[in-house]
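**Q** All chains should be built: construct the whole structure from the sequences, respecting the hints.
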Amino acid sequence: MTLLEAIPTTTATPITLPTLLLSAMIWVPALGAIGLLFFPTRTEVQRERARSFAIGTAALVLAFGVFMWYGFRDQSGTFAYEETRSWLRGVGSSYHLGVDGVSMPLLLLSSILFVVAVLASSRLREQAKEYFTLLLLLETGVNGVFASLDYLLFFLFWQLQAVPMFLLIARFGGPRRLSAAWKFLAVDLAASALLLLAILILYFKAPVRTFDISTLHDLAVPAATATLISWLFFIAFAVRLPAFPFHTWFIDAQGEASAPTALILGGILVKLGGYGIIRVNLGEFQDAFHRISGAVVVIAIVTVLWSAIAALAQDDLRRLVGYVVMSHMGLVLLAAASAAPVAINGAVLLMVADGLTAALLVLMAAAIVERAGTTSIRAMGGMAAHMGRGALFWILAALAAIGFPGLASFIGQFMIVVGAYPSQRIATWVAVLGILVLAGVMILTVQRIFFGATPERPGRLRDLGTLELFNAAALTTFIVLLGVLPAILMDSINFSVLSLLSRGSG
Amino acid sequence: MTLALLAAAPKGPLDTWSPTLLALFALLLPLIALLIVLAFTIDSRRVSAWIAVIFTLAAAVCTFLVVAIEVAHPLHLERPATFLQFFTGQSGGAAEFTLQWGVLSDPLAAELSFAVALISLLVQIYALAFMRREDGVVRFFGVLLFATFAMLGVTFSTNYFEMLLFFGLVTLSTYLMIGHWWQREEAVAAASRAFIISALGDIALLAAVAYIYFRFNELNFQALSGHYTGGRVSANGLFIMAILVFIAAAAKSAQFPLHLWLVGSAQAPAPAAALIHSAGSAVCGVYLIARAYGLFYASPRGLALLAIAGGLTAVLGVLWALFQENLKRAIAYTTMSELGLMVLALGIGAYGASVFELFTHAWPKALLFLAAGVIIRELRTERLPEMGGLWQRMRFTGVLMLIAVAAGAGIPPFSTFWSKDTILSKALELGSPLAIAVITAVTFLGAMALVRIFALVFTGETARRRRFEPDRIRDAGGRIAFTMAVLAIASLISGIRGFRGRTDPIAFVTFPGVSLPNSHFVAAGVIAASAVLGAVVAFVVYARRVPVPAALQPVRQAMGEGFFIDRAYRLAAVGIVLPVSRAAAWVETRVVDGGLDLVGDSIEFAGQPRRWLGEFRIRPLLIGFFAGVVVLGTLAIVLAGGIIGKTG
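Protein chains in written order, with the numbering used here: chain A, 1 to 506; chain B, 507 to 1154.
Possibly wrong hints are sitting among the right ones.
Only part of the chain B face toward chain A is listed, based on derived beta-carbon distances under 7 Å [said to hold, decoys possible]:
#, residue
1, 571
2, 589
3, 591
4, 592
5, 713
Honestly, the hints are just simulated from the structure, not real lab data. The C-beta atom is built at its ideal place from N, Cα and C for all residues, glycine as well.
**A** Following this line, the structure appears as structure tokens:
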């Protein structure tokens, strides 16, 4: 649209500087992580310096992301900022990176959320350096998956996320963090094994020995193999999504991980599952995915409904946030199963919106839990008297979570429902019911936390601090901006979704 | 008079956009005021309140000009203007899928937007004085501005998507208004209930939009109005759409059994309640039906649904109103019955009359709530049995309340007489005995319910209560009196008709194909007679405080409790939702998670990793990790690149 046309653009040629931007977005966090290891952290000043370095690294990546976004124009139908370097030529793999309208918004989301997460970790005292190292390593893994156009590379980056995430949960979480961390690791490794299996079957069944994503699609292999591969990919991604019944690792991790970790987990890590389904299942194995879409739809609506019903019974505020994210990812799955352009557009937008919303929810939930001294929603009440600003931002986040008009996820949900309806009628009805139940849960939660009778509290509790306020305000700005002007993302998303769908089927 | 002068003005060429632009201004002014208040003046109560009032005044002027242009230039093109494109793209089929936000100014939008902006302005002037000693004044004015913005957005919507968007905003604004006194448990519970019922309606609208788009590939109201009858969709399909749109409207406009939130909305501060009931979320459901009338008009079963649901709501509402012991709840139930009457009117094809009723009903209802606010503040009770004898002490409020009661009851020549008369005329024209009976009965009982309120508040003796001095009661004055007087004048004159063409309020808003309603003398006579009779009966009975006969006691109790609907809702919540969610929680922890827990717990049980993890330092681990990556990576490149490279 006009807004995008006004933006100065650079055409990405293979040798010029912009091409290296994508590599920079992946490797700068890793270099920062290594650099961070050499910082001494004996005194408070030194720790502060290390923290500033981590913030600087994340901010630099964000700056790259914004720069890329400004120069991003996806009109050729292929990938922008494409970079191909020879790597493992013998096995048919190459260092092939590129972004399109589907991955670019998510990449931008990732770089925003990592800055927020690093900022939100300010009060960490012990092992702060190691913590930031892990966080930056994780960013390399996440950005790498979004940018990879080669299955081997995709898998390596995917695998790179497991260990840092495991350590982050296991070392910096709540009382039951170890159980949650082991559960995450076990499930994630099992899912990665399926992913690797799918990639290897594909590699050996294909007529050409290559790992290139766009070369290997479902027409390259026999139909039965394509269906099998599609199933394997789907389950691997659905575990990450998290789809019912593989979601409990996610809820546990949300409940136990520290706020910044939970923010990354719910905000961007689970989006990789949705991204994988759209990029691989839908983009490359569309016919095969169509054959299994009946089962996918069932899983999608069970995910939406189950998360809503489980949220009804949930008393732990942080776990509740997990169910909210799960419900949205169920809608993304529904959109993918419908394979309708409007719905896929909505799904990509919803993933970005939900990433921002989940981040705000997680931060506010952590702030509330810290002040109330309990995670139990029923034990709270009357908190608005203590934290007026906290109440404002939590209500905003809750409204954003239920797809409230004018906030980011509204248009995403709307487009998913309208787009998915023609091909998945009953499922769409059920999903709409799930949205309604979730809306009720969120509004009752607002009531229980903030209003009504106040339990006895020693003295006055602190309202949101400057840093919390800054993070919340920044996320809210993005949420409102996307809710009012989704066109700033939608045009490029739409173009890429159309070309992705036509490539997969043609 | 002004309208007549405008109609006589020369009809030169008029840019098609000028009413549209005025409508845009009217819509954006409250939003701008809200942003100014939030950004700059949030700490100053006085400045914030005055900014709200001044911007709303400007919006009211804009909407008045829109009305004037619509009256004076009946032939100007009524095209929706688009200002913001959310999304444009291929839907996969041939059609292009667009989501846009624009403004449509036509007579229907003009009429309601004028009522919204003016009542919002008056309510804010009232609140300047009324809320002076309350907490959260800035928040209150901010919410009023937000509600005004949302309602104006509903009125100017060009398509279903936009309507859905603003319906959501109306839901939120209602929630915030009812929950203004958030320390009160009842207020918060009522607010949550309003939100959930409203959200149910919004989601029904979302489903309706999905279905309509699926069938017609179109969401624009004007473009759609030609499609419904085109035979593209079967009668059943149209009926399903009509049901969904009706649910959305019913949740907002309190049609039985989605009416519960409206009664709870009495928990809002008086000015906010006045806005909700006269020009807020309570009327935007009726407006939605009027806007989507082509759909109902194309589906006879849809019209029948409106007539039946509306009639039922009207009768039940007025019966409940008669037995309420709480002043604001009693007024709220009369709103419910009026809304039912409007929906019934739409159902029997009295399109213009229904919209006219929407307009004439707004003024007395706002006045009733504002007067109730003053009365409750002075008496410090909301219970009708504890009131009485105020005619001596609050003469001014009493006179205005009398006007509001007369106007709401339909006593000639006050406002709703004219609209009820045209609704009944249409029913007579149709010859439907049921509709005639319902309209007459609702007029009679509605007059009784309103006069009952007046009689219980103003006649008799003030009940003695502890720590209450009747001598300290003060009548309304200053800004409060001014706003109430303006509303009283509007209640007097808003029903007047008789000019030709568009200056006749009934001919102003028309729907193609629906004949203009004519007033029958019979209808006028029946309405006038039943309203006056109802008023007299009620005055005789209630001014003398005739006790309820023993035989009617159970009826009274049932009615007072709203037919136990509330209890049924609660039972459903406790009996269905709670067990389901508990069962889900059990399955979640025991079955779904059980296997995984086994993994986590068994590793934990092993003990060793736990102790190790509890004490380990991450740094050496990380250095090892990086070293491993480097070694493995080098090996991989050297070996794989070298060895396999040769074979491949």
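**Q** Identify every previously stated hint that the structure contradicts and give their numbers, smallest first.
**A** 1 and 2
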